[in-house]
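So the protein sequences, as listed, match chains A and B. Adding 39 to a residue's 1-based position in the first sequence gives its number in the working numbering. Adding 10 to a residue's 1-based position in the second sequence gives its number in the working numbering.
Hints were generated in silico from the structure; no laboratory data involved. Note that the coordinates shown come from a computational prediction; the quantities given were computed from them, not determined experimentally. Treat the hints with care, since some could be wrong.
[As the list claims (entries may be wrong)] Chain A side only, calculated, beta carbon under 8 angstroms to chain B, not exhaustive:
hint, residue
1, 76
2, 99
3, 127
4, 142
[To be verified] Pair ranges (Cβ atoms, derived):
hint, chain 1, residue 1, chain 2, residue 2, range
5, A, 42, B, 22, 38 to 44 angstroms
6, A, 129, B, 251, 18 to 24 angstroms
7, A, 121, B, 360, 56 to 62 angstroms
8, A, 140, B, 137, 47 to 53 angstroms
9, A, 45, B, 393, 28 to 34 angstroms
10, B, 321, A, 87, 57 to 63 angstroms
Glycine residues also receive a C-beta, built at the ideal position from the N, C-alpha and C atoms.
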Amino acid sequence: MTSMYAEEILDHYRNPRNFGELKDAQIKYKESNPLCGDEYEFYLKVNNGLVSDAKFFGDGCAISKASASMLSEHVKNKTLDDLKKMKLDDVLKLLGIEVSAARTKCALVALLAIQKGIQKFEGGKNDGSQR
Amino acid sequence: MFDGKKIREDFPIFNSNKDLIYFDNAATTQKPKQVLDALQEFYSQCNANVHRGIYKIAVEATDEYEEAREKVSQFINSKIEELIWTRGATEAINQILYAWALWNLKKDDEIVTTIMEHHSNLVPWQLLQKNGVKIRYVNLNGDGTLNMKELENSVSKKTKFVTVTQMSNVLGTINPVEEIVKIAHDNGALCLIDAAQSVPHMEVDVKKINCDFLVFSAHKMLGPTGVGGLYAKQEILEKLDPALRGSEQIKSVSLFETEWTDLPWKFEPGTPNFADIVAFGYAVDYLKKLGMKNVREHERDLTKYALEKLQQISKLKIFGPLNGTRGGVISFQLADIHAHDMASFLDDNNIAVRSGHHCAMPLMKYLGISGTTRASFYIYNMKEEIDKFIETLEKAKQVFKV
Ligand SMILES: Cc1ncc(COP(=O)(O)O)c(C=O)c1O
Numbered sequence: 040m041t042s043m044y045a046e047e048i049l050d051h052y053r054n055p056r057n058f059g060e061l062k063d064a065q066i067k068y069k070e071s072n073p074l075c076g077d078e079y080e081f082y083l084k085v086n087n088g089l090v091s092d093a094k095f096f097g098d099g100c101a102i103s104k105a106s107a108s109m110l111s112e113h114v115k116n117k118t119l120d121d122l123k124k125m126k127l128d129d130v131l132k133l134l135g136i137e138v139s140a141a142r143t144k145c146a147l148v149a150l151l152a153i154q155k156g157i158q159k160f161e162g163g164k165n166d167g168s169q170r
Numbered sequence: 011m012f013d014g015k016k017i018r019e020d021f022p023i024f025n026s027n028k029d030l031i032y033f034d035n036a037a038t039t040q041k042p043k044q045v046l047d048a049l050q051e052f053y054s055q056c057n058a059n060v061h062r063g064i065y066k067i068a069v070e071a072t073d074e075y076e077e078a079r080e081k082v083s084q085f086i087n088s089k090i091e092e093l094i095w096t097r098g099a100t101e102a103i104n105q106i107l108y109a110w111a112l113w114n115l116k117k118d119d120e121i122v123t124t125i126m127e128h129h130s131n132l133v134p135w136q137l138l139q140k141n142g143v144k145i146r147y148v149n150l151n152g153d154g155t156l157n158m159k160e161l162e163n164s165v166s167k168k169t170k171f172v173t174v175t176q177m178s179n180v181l182g183t184i185n186p187v188e189e190i191v192k193i194a195h196d197n198g199a200l201c202l203i204d205a206a207q208s209v210p211h212m213e214v215d216v217k218k219i220n221c222d223f224l225v226f227s228a229h230k231m232l233g234p235t236g237v238g239g240l241y242a243k244q245e246i247l248e249k250l251d252p253a254l255r256g257s258e259q260i261k262s263v264s265l266f267e268t269e270w271t272d273l274p275w276k277f278e279p280g281t282p283n284f285a286d287i288v289a290f291g292y293a294v295d296y297l298k299k300l301g302m303k304n305v306r307e308h309e310r311d312l313t314k315y316a317l318e319k320l321q322q323i324s325k326l327k328i329f330g331p332l333n334g335t336r337g338g339v340i341s342f343q344l345a346d347i348h349a350h351d352m353a354s355f356l357d358d359n360n361i362a363v364r365s366g367h368h369c370a371m372p373l374m375k376y377l378g379i380s381g382t383t384r385a386s387f388y389i390y391n392m393k394e395e396i397d398k399f400i401e402t403l404e405k406a407k408q409v410f411k412v
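Just chain A, same shape as in the assembly:
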C-alpha cells in the first residue's frame, strides 16, 4: 500500500489553500466528522450558476484538511450541479492516494460540507423543503 502521507498531501495540510473566511459567500456550511473531530466550514460564492470563489476554515487531520484544500481549488468555475454529483472517488482522485477504509470519512468531510451547503442554499432559494 502506498502511504497516505504523500508529499503533496502534507503540503496542502501544512499550507492549506484558500484558507479563511469568505464574508459575502451565499453558501456557508459547517460539517464535522466525529471520528477525528475534524470540523470545516466551507464558503462558496456563486455567480451565474458557477462557483466564482471558495474558501474554507477549520481544523482536523491531514487527510481531511488536504481534501478541503484541494476541493477549494477544484470547485472554482464548476456548476453547482457538477459539485452535487461528486463522489468519494472524485475526492480520492484529487488526493491522488489510497485512503484506508477507516479514514474515508476524513476524506469526505469537506465534500459533505460543500454538498450540504448547496442543498441548503437551493432549498432556501426554491423555498421548498427538500428534506
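Using the hints provided, position chain B with the ligand relative to the given structure of chain A.
Below, chain B with the ligand alone, put in the same frame as chain A:
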C-alpha cells in the same frame, strides 16, 4: 521467567500477520490457541444448552460451564455465588444501575465518580439525574493521578455511591481503590470498581479491595468477546431483584408471581453465552499459569522502557503518570500531528495503536485535547517492538515536518 517471543507462538494471529505489532490491548487482546481450541472442542464435543438437558452431553456442557465460573471467581477471589455472567463490563455496569441504583438512589442523593472514567462507567449514571440524583466528578492532579484530597472532600453523608475505574484506559493511572472503597464505606456509600483494565493485567482480589461491585470483560484478557463478569457482595445480591428477567433464573412461576432461584443464576435470564464462557475459563487458566505477578512485572518492564524512550523524543507529550503506580497504557501527542494521522502512519508500518477520545470525552475536554494516540501492551509484546515503534515515531517527525 517471561519470554514475550515464546508466548507469541501461542497466538495464531501473529502467524497470520507476521509483522504485526499489536499495541491496542486496552481495546481488546489477542487470543491464544488454548482458548480457540477450547471453543472448537466445546462445540465439537459437548455442545448442549446448559442447566436444561438431562442427557450426557448436556450434563457435560453444564459442568464445563460452571467450572469456568469456578476458575474465574477464584481468579478474583470471589465466591461462586457472587460472580454473574454478563456480555461485558458495560452490561455489568448497566445491571447495577437497573437492579440497584435506580431503586435505591433518590432526590438529593449524590454519587461520586472521576473525570477519568470510560463512557461505560459514566453514561449509565447520568440516568439517575432524572430522579434528582447529583453526580460529582473528582478531578486529577497535574501528573494524571486522581486527586485523592478532592475525592475525600467530595464524599459526604449525602453520597450513596462511589464508582471509580481501577485503571484508566487513557492515562494508565492505577487508582488506590482500597483507600477509595474505605472512604465510601466510612460515609455509608456503596462502591463499584470498573476493573475492565485491571483484572487483565494485575492481581485483583475483591475481598482485599472490599468493593461492593466490580466489573470486567473477558475479551480484554485473552477471552472471547461477549463475556463479562459482574461481581457483587452476596448480601447485596440476595436483597436485589434482577435487572433482566426471563427464563432460567426462577424456582417457580405462576401467572402473577415469580420466585427467583439461587445465586448467581437469579441474575442470568435466558440462554447464556456458554461456549464463550467455557473458553474464557481457559483464558484464565492461561493467565494463572503465567502468574499475574509476572504479567504485571512484564508490562511494568515494557512500560518503563517505552516511557524512557518516548521522553527522549522532542515535542512528544505523554498524558498520564511517568512513574509510580501505572499500567501499560501510554497516551501521547507528537507535536501537532493529529492522533488519527499518527495512527494511520503507524499502521503503514504495521503498528496497531488506538487514536481518538478512547471513549472518555469528558477526560479529553478536561485535558483540553480532542484525542490522543494510545499504545497499550500485553503479555506477547516485546522490547524489540517498542524499538520499532520509537523509530517509526522519529520517522513520522520527518515526514510530517515537525
Ligand atoms: C475502563 C473501561 N471500562 C469499561 C470498558 C467497557 O468494556 P466493554 O466494552 O467490554 O463492555 C472499557 C473498554 O474499553 C474500559 O477500558
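Results for each hint:
1. 76: Holds, about 4 angstroms.
2. 99: holds (7 angstroms)
3. 127: violated (17 angstroms)
4. 142: holds (6 angstroms)
5. A:42 x B:22: 38 to 44 angstroms: violated (29 angstroms)
6. A:129 x B:251: 18 to 24 angstroms: At roughly 58 angstroms between Cβ atoms, residue 251 of chain B and residue 129 of chain A fall outside 18 to 24 angstroms, so the hint is violated.
7. A:121 x B:360: 56 to 62 angstroms: For residue 360 of chain B against residue 121 of chain A, whose Cβ atoms are near 40 angstroms apart, the range 56 to 62 angstroms is violated.
8. A:140 x B:137: 47 to 53 angstroms: Hint violated: Cβ distance 35 angstroms, outside 47 to 53 angstroms.
9. A:45 x B:393: 28 to 34 angstroms: Holds: the Cβ-Cβ distance is about 32 angstroms, inside 28 to 34 angstroms.
10. B:321 x A:87: 57 to 63 angstroms: holds (59 angstroms)
Checked against the numbered hints given earlier, the structure breaks hints 3, 5, 6, 7, 8 and satisfies all the rest.
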